[in-house]
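Student: Given next are the chains, with one letter for each unit.
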Amino acid sequence: MPARRMKLDPDIEASLKVIEVPSTLEDAKRPEDVILREVQRCGYSEDATFAIKLALEEAIINAVRHGNLNDASKTVTVRYCVTVEQTVIVVRDQGRGFEPNEVPDPTTRDRLSLPNGRGIMLMRAYLTDLWFSPCGREVCLIKRNE
Amino acid sequence: MPDQTKRVGPGQPGGGELPLRVETASEGEAVVCRLIGSDTMEACQWLNERLAEAGQMTGKILVIDLSELNFICSLGLGSIVAAYLRARKLGMPTRLVGPRPEVMDVLALTKLDTLMPVYGTVGDAVGVWRSPSGRG
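Line by line, the protein sequences give chains A and B. Under our numbering, residues 3 to 148 are what the first sequence spells out, in order. Under our numbering, residues 435 to 570 are what the second sequence spells out, in order.
One or more hints might be untrue.
[Stated by the list, open to error] Heads up, simulated DMTMM-like pairs for lysine to aspartate or glutamate below, C-alpha to C-alpha not over 25 angstroms straight-line:
no.	chain 1	residue 1	chain 2	residue 2
1	A	K76	A	E48
2	A	K31	B	E502
3	B	K523	A	D112
4	B	K545	A	E101
5	A	K55	B	E536
6	A	K31	B	E451
7	A	K55	A	E101
8	A	K76	A	E101
9	B	K545	B	D558
10	A	K19	B	D547
11	B	K545	A	E22
12	A	K76	A	E148
13	B	K523	B	D558
14	A	K19	A	D112
15	A	K55	B	E451
16	A	K9	A	D131
17	B	K523	B	E536
18	B	K545	A	D112
19	B	K545	A	D131
20	A	K55	B	E483
21	B	K545	A	D35
22	A	K31	B	D539
23	A	K9	A	E28
24	B	K494	B	E451
25	A	K19	A	D29
26	A	K76	A	D107
27	B	K523	B	E451
28	A	K31	B	E483
29	A	K19	A	E148
30	B	K494	B	D547
31	A	K55	B	D558
32	B	K545	A	E15
[As the list claims (entries may be wrong)] One-sided and incomplete, this derived list gives chain B residues near chain A with beta-carbon spacing under 7 angstroms:
no.	residue
33	S508
34	E536
35	M538
Please keep in mind that the hints were generated in silico from the structure rather than gathered at the bench. Remember, it's a predicted structure, so these values are computed and weren't measured experimentally. We treat Cβ as the ideally placed atom computed from N, Cα and C, and that holds for glycine.
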């Protein structure tokens with residue numbers, strides 16, 4: 003499934019809260035903790051909570067490692083809106099961007115034993131919807147509460 | 435007989451406040467690493483180091499026990515694949531043991547269960563390896 007281009011409903015866009023953190027995996031735990039608390043408060047199932055946590059970690063890992071190239075002077079911006087119907091999270095880095103449709107399938111025989119390259123596949127599998135901005139610096143995660 | 439289990443994790447030297455704990459022990463010919471807690475993104479580098487240390491222990495098979503692991507991200511999967519590659523260089527097969535359903539789903543989705551066979555218990559993993567057809 004090719005990655006879709008990002009187009010968020012203006013009402014949802016306007017409702018997003020913003021957390022900006024230094025670009026390290028440790029600092030990026032803060033928005034994750036905040037969002038997961040809201041997810042829990044809205045009564046999401048354990049499976050849905052697992053999915054949101056996994057997809058958010060993958061988006062942050064991509065932003066910190068591949069987008070910002072582990073440069074802690076850069077930032078990762080997380081915008082989010084959690085309701086009982088759905089969770090929308092937008093993660094943005096300050097890197098050069100990438101073409102998501104060019105990321106190879108990590109399950110092919112020649113790539114299976116590589117230590118990396120599984121993040122986008124996991125996000126696609128666990129989310130209701132996944133969009134990328136045209137420049138590839140921003141990813142939008144959507145998980146419906148079903 | 436002295437307890438040869440090496441425990442590292444939260445509240446212990448080198449463990450910090452990570453949500454993950456690792457217990458490594460030699461059990462017969464197997465080096466067994468038990469991952470306990472959540473392998474979240476900030477714990478993965480630390481896990482990588484613990485698995486590298488385990489790879490230096492003497493053994494003929496590497497067993498990674500996932501029965502008490504409740505979360506794993508792609509970096510954690512990468513740490514396990516790296517351990518598999520290091521063990522393979524030494525001629526050691528790697529076996530995974532007892533993943534919970536949510537972790538098994540991640541392994542199956544990424545097809546890592548085809549790279550490293552999954553068993554129900556450490557005894558099963560080591561027992562199959564001991565049988566002539568189970569080696570490799």
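Student: Decide, hint by hint, whether the structure agrees.
Tutor: The hints, checked one at a time:
no.	hint	in the structure
1	K76/A x E48/A	violated (33 angstroms)
2	K31/A x E502/B	holds (22 angstroms)
3	K523/B x D112/A	holds (18 angstroms)
4	K545/B x E101/A	holds (24 angstroms)
5	K55/A x E536/B	holds (12 angstroms)
6	K31/A x E451/B	holds (13 angstroms)
7	K55/A x E101/A	holds (24 angstroms)
8	K76/A x E101/A	holds (21 angstroms)
9	K545/B x D558/B	holds (21 angstroms)
10	K19/A x D547/B	violated (39 angstroms)
11	K545/B x E22/A	violated (35 angstroms)
12	K76/A x E148/A	violated (36 angstroms)
13	K523/B x D558/B	holds (24 angstroms)
14	K19/A x D112/A	violated (41 angstroms)
15	K55/A x E451/B	holds (19 angstroms)
16	K9/A x D131/A	holds (12 angstroms)
17	K523/B x E536/B	violated (30 angstroms)
18	K545/B x D112/A	holds (12 angstroms)
19	K545/B x D131/A	holds (22 angstroms)
20	K55/A x E483/B	holds (24 angstroms)
21	K545/B x D35/A	violated (29 angstroms)
22	K31/A x D539/B	holds (24 angstroms)
23	K9/A x E28/A	violated (30 angstroms)
24	K494/B x E451/B	violated (32 angstroms)
25	K19/A x D29/A	holds (17 angstroms)
26	K76/A x D107/A	violated (29 angstroms)
27	K523/B x E451/B	violated (33 angstroms)
28	K31/A x E483/B	holds (21 angstroms)
29	K19/A x E148/A	holds (23 angstroms)
30	K494/B x D547/B	holds (20 angstroms)
31	K55/A x D558/B	violated (32 angstroms)
32	K545/B x E15/A	violated (36 angstroms)
33	S508	holds (4 angstroms)
34	E536	holds (5 angstroms)
35	M538	violated (12 angstroms)
Violated hints, listed in ascending order, are 1, 10, 11, 12, 14, 17, 21, 23, 24, 26, 27, 31, 32 and 35; each of the other numbered hints is respected by the structure.
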